[in-house]
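Which chain is which? The protein sequence lines are A and B, in order.
Under the numbering used here, the residue at position 93 of the first sequence is numbered 97, and the numbers go up by one with no gaps.
Under the numbering used here, the residue at position 321 of the second sequence is numbered 326, and the numbers go up by one with no gaps.
Honestly, I wouldn't trust all of these hints.
Listed next, with one range per pair, are the computed distances between beta-carbon atoms [as the list claims (entries may be wrong)]:
#1 LEU649/A to TYR237/B: 25 to 31 Å
#2 LEU634/A to SER299/B: 28 to 34 Å
#3 THR525/B to ILE28/A: 16 to 22 Å
Okay, the calculated bits of chain B under chain A, using three or more residues with CB under 8 Å as the criterion [unchecked claim]:
#4 92-100
#5 296-310
#6 417-430
#7 484-491
Honestly, the hints are just simulated from the structure, not real lab data.
Backbone N, C-alpha and C define an ideal beta-carbon position, used for all residues, glycine too.
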Amino acid sequence: MAISPIRFTRVTQNLRSDLVLRTIQRTQRDLFLEQSRLATGQAFVAASENPVAAARVLDLTDSGARQARFALNLQYADNFLSATDVSITDTSDLIIQAHTIASQDVGSLISADERAADAEIIASIRRQLQNVGNRQFGGRYLFAGRETTSLPFVDTRDGIAYVGDTGELTTRAGDDPIEPFNIPGNLLFGALTSRVQGVANLSPALTAETRLEDLAGAAGRGVRRGVLVISENAGQRSFTVDINTADTIGDIVELFNQAATAAGSAVTAAVTDQGIDINGGSSSVTVTDVGTGTVAGDLGVRTNSPVNGVITGLSLGPRITTLTPLLDLDGGNGIDLSGGIRITNGSQSALIDLSEAETVQDLLNAINTSDVFVVARINDAGTGLDLINQASGAILSVTENTGTTALALGLRSLHEDTPLSSLNFGRGITLDPTDFDVQISAKDGQTVDVNLDGAVTVGDAIEAINDAATTAGVNVMASVTDDGSGIRLEDSTGGTGALSVISLNQSTASADLGFTGSATGMVTELVSANAAGSRTEGVLSALSDLEAALRRDDTRAISEAAERVNRHQNEVTRVHGVVGARSQGMRAKMQQMQDASQTTEIFLSQARDLDYPQTVTRLQSLQTQLEANLQTSSTLLNLSLMDFLG
Amino acid sequence: MGLLNSALHIGRNAILGYQAAMEVIGNNVSSSASPDYTRLTPQLDPQQGLSLTRGLQPGAGVALTDIQRNIDEALESQLRLAVGSREAAFARQATIGQVEVLFDETSGSGLSSQIRDFLHAFDELQNSPEDPAIRDLVVARGATTAQSFRALRDNLANAGEAADSQIADVVAAANELVGELGGLNQQITRSEAGGAGLATGLRDQRDALLRDLGQLFDVTTHEQPNGALNIYIGSEALVQGSAIRTLVAVEQISDELARTAVRFVDNGAEISQPGGRLGGLMTSRDDLAYARLSDVDRLGNALIAEVNGLHADGQGAIGFQSVVSSNDVLSTGAPLDSVEAGLEFPPQRGGFYITVYDEATRTPRTQRIDVTLGVGASGTTLDSLVADINAQVTGVTADITADQRLRLTSADGSFFTFGFDGNQPRTDTSGVLAALGINTFFTGGSARDIAVNPVMESEPRLLAAAGAFLPGDGGNAGRIAALDTTSSEFLDGISLLGFQKNMAAGVALDASHANEEVDTTDSIVASLSAQREAVSGVNLDEEAISLLKFERAFQGAARFVSVVDDLLGELVALVR
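One chain only, chain B, in its complex shape:
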């Protein structure tokens, strides 16, 4: 009887084991569509049985001894990083997509078209400087160009700030995930305490959350013996067991642009180069939006400097009777090339010419005003410039306005011009007129504040088309028009249009690169996901086969129990 009982025990073990295995298979089949699910494999091991005669041991059948999670931790880590890279690429693609639209030069409506049209309006002015309509056209084109600069800059700032504004959302999401991960660590530790077996469902949940966190920024992990997973950003721990650290998005403004930083709440340590979506947003903001904004500012600065430099040396159809510089100085007693003066375009050693005309006879009286800067000079200040003009120029009074600008006023019955000595054109070798914003076309110092000088807007006859103060002279306008190809010292020898073209081409390359990066990272994610699927995914056919296998084994075990039962019946019948 003992042997028969042992046989029943074998059958019982097998039935229970195969039943459990089929439950595992059933779980696999039921979860097959979940991308986060890790395929389980039932482990059926032979059981130790009683000894038969002569010590022979037939065993006690099989039993479910383990349920294996089919997971490759190294692959999971790679996949996590790859997903983070793809998220970073998505962020960059989104930002550069916005930027690329702003630099759409191929449609003929981009900034380079505006600049070209503006400069070519000076061609028209050179051809017909007497025509008031052409002067209006030049002013209008200048205003349009200035507006385009400002709009482009604003849009680039918006693109950067759009990326920046998402950083706080990322941090909020990260904090929520970190909280959940800490909780799961606690549950897993508790669940697996004392070798109670793997908490597979909880681990699947934790892996899924970790993948979500990996989308936000790059993390590394280290599993503890108790099943808890420690999570790090760089060298800083984010989760240790059930203990978590919280992040905070700190809004910062530099150069009037939002640059949100991410720090740990507890010690204020800043997270730099975090990778993932957070890293993508930061690099999008800084390298794709704000960097282009700086380029646009530089281009605007060069356009202002080049146009104003030439314009200040020319004359309009009429002269000035009074003019106030468009730029102020911070200190009227500071040398004009010093930081204390605060001029956007510091002047240098040299001089400029003022010619005062008698209105009735148009008799010129010219004076050169020296600007003594550098070469051991004491340094011309706005105060000394005013004094020099008043002392040397008959018929013009200079003074400083309440807001620290230079004002020049002619005596009754006279007017004044610059850049012509009554005999030949004269360059302002000091650049002080352009620096102060006298007889200039633009105001401002960059794309942020570029605008047409209100003096020119209100009186287009002052547009400096001439170099010899004659109504049909468009020589100076021609020089300004030629800026379309003239190399600019403000742009390392590249022309204005060349710089804009390079910038547009650079944006196109960035956008192309971002698109390729998305494709590449997506392919890597696809590849790693496929590998993960190969390890951890569920194939229904495989599971069906396993199901059949375990069903047949179950049927065999049940049949064996039935046979043993028959044997027991026979033995019981002997008793009767």
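One chain only, chain A, in its complex shape:
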């Protein structure tokens, strides 16, 4: 920019002095700016000096701050993981020690007294493991999930229970990723692996009041808001339906019908018991989304080509929530809860009275406050209920009180559809592959040989027994007991001997089905033990069994427990690996953040910091300019013809 114009016809005194004044002011201002930059070390003192560079500095400062924040988050998470790693190492050492003892005690050279002594050591190891599980980091219990302020592993009548949470502690490690950095105790010790998974699909019926947030959606991704496009008769008429303000399925239908009416269309929408139907009347209708929208697909009404008549929407999968009325479960059929259920966990048992329950939450609360270390929750799919056993070493079973409530809820441990493979903690039953498996001796002395080959469920086994009895002409009948606590054998032979069941050949099916002992005298009924109970398959449970086996001097049980301890050692090793991998991932990300931060600093320096040589050179140049200006001005301003008038 020119200081002043250079094309003059006349140069006056004022013009000269003005020029000198302005150029000196400008040079002095530039000198001041350079001086300020040198004093601050920054390329610009105010953002307005270089708005583009200032905006870049803001970007880089923001990036740098976030990188620093993420690095701090990762540092914290890594520290937590390091403490976890140490504890898992200790856990691993203790389990190896227990396994070594168990392996030694399987041998025949060990006396009962020595095994009893080792049982004390195992008890000590179990206690030490509990202590490891209750370790803290920065005042937080390491293995308590998000329940960080309460002891996660507590003593119970039957052993140790994990009462912590199963969730993850997370931190931000980037703009999007959320990093988990803890291992809940249930994963470390397998403390909650026993789960009674409800077998019944209790999904509620869809109604106009069903909220969108409680739907799985036709595509399993919920129902996301958006805009539907309805086109009739190859585009002769079309209208859009904005469902962004909808809260329930009924709202969507109402919005749809309002939009159709406003467009002069006779197309209507209606709620069915599974989704939404769209009736095009005499029109052929296509339903699509706007752009990359998903709402038509989520509602299961998207059409690839025109449809005449009714578009039947796909099932929207209403999910069970804590607020779902129990009457709405099972597709609206409701569940009869009048009988209640009985939960037995180890030596503790509770009768759960559900007669007052109205919602799923009431049901969950009734179970969760039963003080038998059992947690009930809605399954991940939102279609049923699960029971989780918190207590290691205790066997959990659910039976009826009166009625069939447990069965209807899908929680009963034993029923006709119970897979045989799930009995005995998943070991199933052992059959002779080529011959009979069990023999039933009736009270009249007759016997029935039963081949259980091909039986898949408890019902199949019962049917095989009854068929064999009928074929043999023996009046013995098997069934599941009314409360689901076992398999009942009824003898109608009129004999007075003993009713009993034994295994044949290579089979152990009798014991595996829970039949022990016999019914004698006037007793005509033999009921098996409940073989469908479940136990926590964790290391604490295995150690508990090992300790008991050592005290009993039971080498077979010691061997089995040793096997389980070894299996859990492998699991702990796997978890250790997970922790290591996470820690490694954290450190790698931290390194990346530090590298990125360093790069950001370099860019920031380039954008913000002063180029000293350039600035000093410019300063020098300005000084020279000022001196020259002063010198020439003082000379020229003094020259005048007036001086020569005489």
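Starting from the known structure of chain A, arrange chain B on it as the hints suggest.
Leaving out everything else, chain B in the frame of chain A:
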């Protein structure tokens, strides 16, 4: 003798003319340093003389017939406008200079740093939600951020009001100038009446005053045949001959901000877009200070809405036993999304979850409260909301306080939370909790009144770090922390920090533009001033030459008179 007398007359004329010309030159030299002075040029014209023999007319010498003002009226007008533009630029530069300091984000102490530090405190909370010190830190950072918002807004208001307060001074100065201009018009008209010649000094004074007036606002002029100058602002006459109109600064307050208007006293007509310093002050106030203030308000509004929206869905380390909404409604019977309800953030159709816990067993009992707004609904009011809660939620009593706020109170031995149904996190799809200010972090609706909710300040354990009401759960805090990059629907999809960054960059650009505008207008003024100097300014060397020229001519005329005198002497000697 007649011829000799005529010759003496020629000499006399020339002597008088050159003497007057030298006086003009002397005036030029004497006034050469005055920037308002207009150079004068003496006009010496030959005079008609007596006829000699055969009708020959040698003339009667020269005489000063006119004194020319070397002025280019069009250039003067341009210069006046340019000076006005420069004054406007100065005013804008002064205001944006104040604003720029407030948005100094490069030093790491600006608002964006405060917001970032506040949001990143939620990262700490996510990492250690059990730590009371971290909860105190979040509250403290929130308070600092809120205070920074309020301070920034106040300072922007001050910057705007500083510009506004100068408008009255400008009007006072303008009225004084207008009065003087009217007086000068009268003097010039009187002085130049009957062709008495130009009143150059008075015209110089009037031009100088006009330039001063042009600094204050843009004016146009029209000179009348009698020498008076009519002056206009837009189409409104300000001075007509000796008649003048007075302006008045009318103080006005809108949105609690001073916006002084300038009107004519006689008819109340408002001067809009006046240009000059007045225009610069008005645009500085409105476009540079108050507009940024609106942006800061919008950012504050978005921060409150985003943080509160998430916070209302979370749970603290403890639950509530009683809570009063931080926002009141104007009418408890009006739908909550209506203007009559007067909520800053109107709720929408949806619902929220209240979970009541037994203190001893921590057994949850959850209820969803529907908010029926839109889609042809009758519309949830505060009255109906209270009724719904009382009817549906066991263990919580709702009522309305005397100042029309919602109060929730738990029964003895219980407490309540929001946003978790005992099994999974639940969003308040209606936004009514945030709208009413229940379980929210901030109070207020913009930068003007943003503050940390006193409920959170007094009990930081209520900070909603959790999404599943567990002591180690920092999931909700993490979601709030992520607002540093999350796009905001309240800011047209721009994140909070992105908006602040854009605002700071915008201020830097405005300041840069203002600086360039000052340089540009100053250069234009310099250029036009130089052109004016070229036309109207005094060059001493030129004047010295003219002085020499007229001195020599004077000497010649005097010598001629001396020769004629000698001739007359010779003739007189013949008589003896």
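field: Verdict on chain A covering the region 417-430 of chain B, where coverage means 3 or more residues with a C-beta closer than 8 Å
entry: Coverage by chain A holds for the region 417-430 of chain B (4 residues, Cβ < 8 Å).
task: Return holds or violated for the Cβ distance of THR525/B and ILE28/A against the range 16 to 22 Å.
output: With a Cβ separation near 20 Å, THR525/B and ILE28/A satisfy 16 to 22 Å, so the hint holds.
- prompt: Taking a Cβ-Cβ distance under 8 Å as contact, does the region 92-100 of chain B have three or more residues in contact with chain A?
  reply: It is violated: at least three residues are needed, and the region 92-100 of chain B offers just 0 whose Cβ sits closer than 8 Å to chain A.
- prompt: Given a hinted range of 28 to 34 Å, is it respected by the beta-carbon distance of LEU634/A and SER299/B?
  reply: For SER299/B against LEU634/A, whose Cβ atoms are near 48 Å apart, the range 28 to 34 Å is violated.
Hint check for TYR237/B and LEU649/A - Cβ pair distance inside 25 to 31 Å: 47 Å, violated
field: Within 8 Å of chain A's CB atoms, at least three CB atoms from the region 484-491 of chain B: coverage verdict
entry: Holds: 4 residues of the region 484-491 of chain B have a Cβ under 8 Å from chain A.
field: Coverage claim, chain A over the region 296-310 of chain B, checked by counting residues with Cβ within 8 Å (three needed)
entry: violated (count 0)
Against the hints set out earlier in the document, violations occur for numbers 1, 2, 4 and 5.
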